[in-house]
Amino acid sequence: MGKYARIFTYLSRYRGQLFAYVVCILLSTVFSILSIGMLMPFLDLIFTGKSSTLELAAQSQEGSDLMTWVRLRMNDVARANNDNPMAVLWLICGFMLGSIFLKNLFLYLSLYILNPLKNRVVTGFRADLFDKVLYLPIGYFTEQRKGDLMSRITNDITEVENSIIGTLEGWIKDPLQIILTLISLLFLSTQLTLFLLVILPVVGLVIGRISRSLRKQSMAAAEKQGEAVSVLDETLGGLRVIKAFNAEKLLRGKFSGINESLLTVKNRINRRRDLASPISETMGVFVFCCILLYGGFLIFSKKSVLEGAMFMTYLGMFYNIINPAKNLSQSFYNIQKGSAAIGRIEEVLNAPITIEDLPNARTLSQFDKSIEFRNVTFRYDDVTVLDNINLTVKKGTTVALVGSSGAGKSTLADLIPRFHDVTEGALLIDGKNIKEYSLESVRALMGIVTQEPILFNDTIAANISLGSPPDDMASIEEAARVANAHNFIISKEEGYQTNIGDRGTKLSGGERQRLTIARAVLKNPPILILDEATSSLDTESEKLVQDAINHVMENRTTIVIAHRLSTVRHADEIVVLQKGKIIQRGRHDDLIEQEGLYKRLVEMQEVR
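Residues in the sequence shown are numbered consecutively from 1, following our numbering.
Please note that a few of the clues may not be correct.
Stated by the list, open to error - Quick list of in silico lysine to aspartate or glutamate cross-link-like pairs, EDC-like style, CA-CA up to 20 angstroms:
{"no.": "1", "residue 1": "Lys523", "residue 2": "Asp547"}
{"no.": "2", "residue 1": "Lys579", "residue 2": "Asp381"}
{"no.": "3", "residue 1": "Lys395", "residue 2": "Asp414"}
{"no.": "4", "residue 1": "Lys523", "residue 2": "Asp414"}
{"no.": "5", "residue 1": "Lys523", "residue 2": "Glu603"}
{"no.": "6", "residue 1": "Lys581", "residue 2": "Asp382"}
{"no.": "7", "residue 1": "Lys146", "residue 2": "Glu223"}
{"no.": "8", "residue 1": "Lys435", "residue 2": "Glu356"}
It should be emphasised that the hints constitute simulated quantities derived from the structure, not laboratory data. Computed from a prediction, not measured in an experiment: that's the story for all the values here.
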């Protein structure tokens, strides 16, 4: 039951509602049993037509105290009406009608309480999963498929909602109804009920054996759904390339294979799950027949004071167990099916957050002196990405990181906002280890412009003001002007309120990049990280973006990652990386005079 601990945690927040639900279910079940219990005096009355029989039966030693009291009251009514059986019949029908009304009233109230509770649990589950995704370190997502994570947040949460939370009432209502009915049956006939309790575990064993394989098959189905979503995400993101290389058949075949596998697994799951109801009903009727045989034997052999009317009432009450038992077996199947989805969700929720604040983390309110890499080594999956890096970036200077792909430039820059933590050595800000400061305060002092513009399906103003007050339009427009974006924005029909589409697809590459620069300008950070911000642009867009970047870099500490070396000629220091090590450093002119990698890279780009 450990995998359901989180659900129980959510439920524990609503103890009052749960208590009210249990009370309503108890009352609904009690009135249901009472309405069926009216069969006994009714049958006595119909078969004999005499109230004296009721009195004699009431004096019998066999039967519950409650039923005895009810039958005696029937006698009182009969006597008060000169032994008129119709008066008793009217009372029986009125009692049955009242019991059924109260049963259904409390049943409705229980559902009125439970349904919002179930929705709150699912909402909490979904919110916690999304929050965890937000706080997981960047390194976690390099190991996971984006489509698979999306599947866990959507498909797996839906599966939990339908299969486990959806059957939450079956966890409480059906067991309570079965237990209370069995107690009532025990009062009616101890012998029959003990016989019943011997048979029921056999039925449970049969149902349990059938459902064991559901969890494994459900896990396979969830994995296939994750693969399907991943392929869909990749397809939507790469449609231009797919069409350009006539790769439609390849992607169709890949998706079709996953889809067919998913179909096969789901068919197996549904076949197993659909066995629950017919098997439980068949087993219920089997038990019913066993009770008929044993009860008939007790009556015919006169080894019990069990009488006909009482036996018929017993059968009616037992039949009241069959539907809850069917529902309980169906719930058990659904729980087994949903446990696979919970397992996949728990993998994310229990994933370690390797980058977090220390308990006594301080707030970094301003940047005064320098950023220092002191003997920094960073490893990822036992692969050394950065090896013994020593570098100091003084306040107000521009440091450029250059080198071939895979040299470790982006990783080095990612250490500054603590997207990763160093494996060995220390990263210092103003002489203090960066880990001593809170993540929020460190990142509040930094602005990042990436090679691929990261924009959201929202308005231009909302994208520029990301993480800043969204209603300061004057500041938003000023930031856009600095980023050379104001002119193209106001040319749009709705200006700053123009929706830019998914990932900014309604804008050109240069326009998207200038919006990300405007975002950094609005934040006004003292530290700026530019990760190849112009490498994917055409010449005209590059010039506009580079002019914007030059404005942004003024009076800021800037770390620039660049493939186009012409953009870093005026950096205060150029650091050349190769295989995770610093092999050259200095200003542009100094490095050109040296016979090294930097000069070769410059010459290669000039030849182009």
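Margin query: Can you confirm whether the C-alpha distance between Lys523 and Glu603 stays at or below 20 angstroms?
Written below: violated, 37 angstroms
Checklist line | Pair hint Lys523 and Asp547, alpha-carbon separation not exceeding 20 angstroms | finding: Satisfied, since the Cα-Cα distance of roughly 18 angstroms is no more than 20 angstroms.
Note to self: Just to be careful, I want the Cα atoms of Lys395 and Asp414 compared with a cutoff of 20 angstroms; is the pair within it?
What the structure shows: holds, 18 angstroms
Notebook entry, point to check: Holds or violated: Lys579 with Asp381, Cα cutoff 20 angstroms?
Noted result: Roughly 16 angstroms separates the two Cα atoms, so the pair holds.
Check: Within a Cα-Cα threshold of 20 angstroms, do Lys523 and Asp414 meet the stated pairing?
Finding: holds, 19 angstroms
Next item on the list: For the pair supplied as a hint, Lys581 and Asp382, confirm whether the alpha-carbon distance does not exceed 20 angstroms.
Entry: holds, 16 angstroms
Item checked: Restraint status (C-alpha distance of Lys435 to Glu356 at most 20 angstroms) -> Satisfied, since the Cα-Cα distance of roughly 9 angstroms is no more than 20 angstroms.
Notebook entry, point to check: Given the hint that Lys146 pairs with Glu223, does the C-alpha gap stay at or below 20 angstroms?
Noted result: The hint holds at about 13 angstroms.
In summary, the structure is inconsistent with hint 5 from the numbered list given earlier, while agreeing with all the others.
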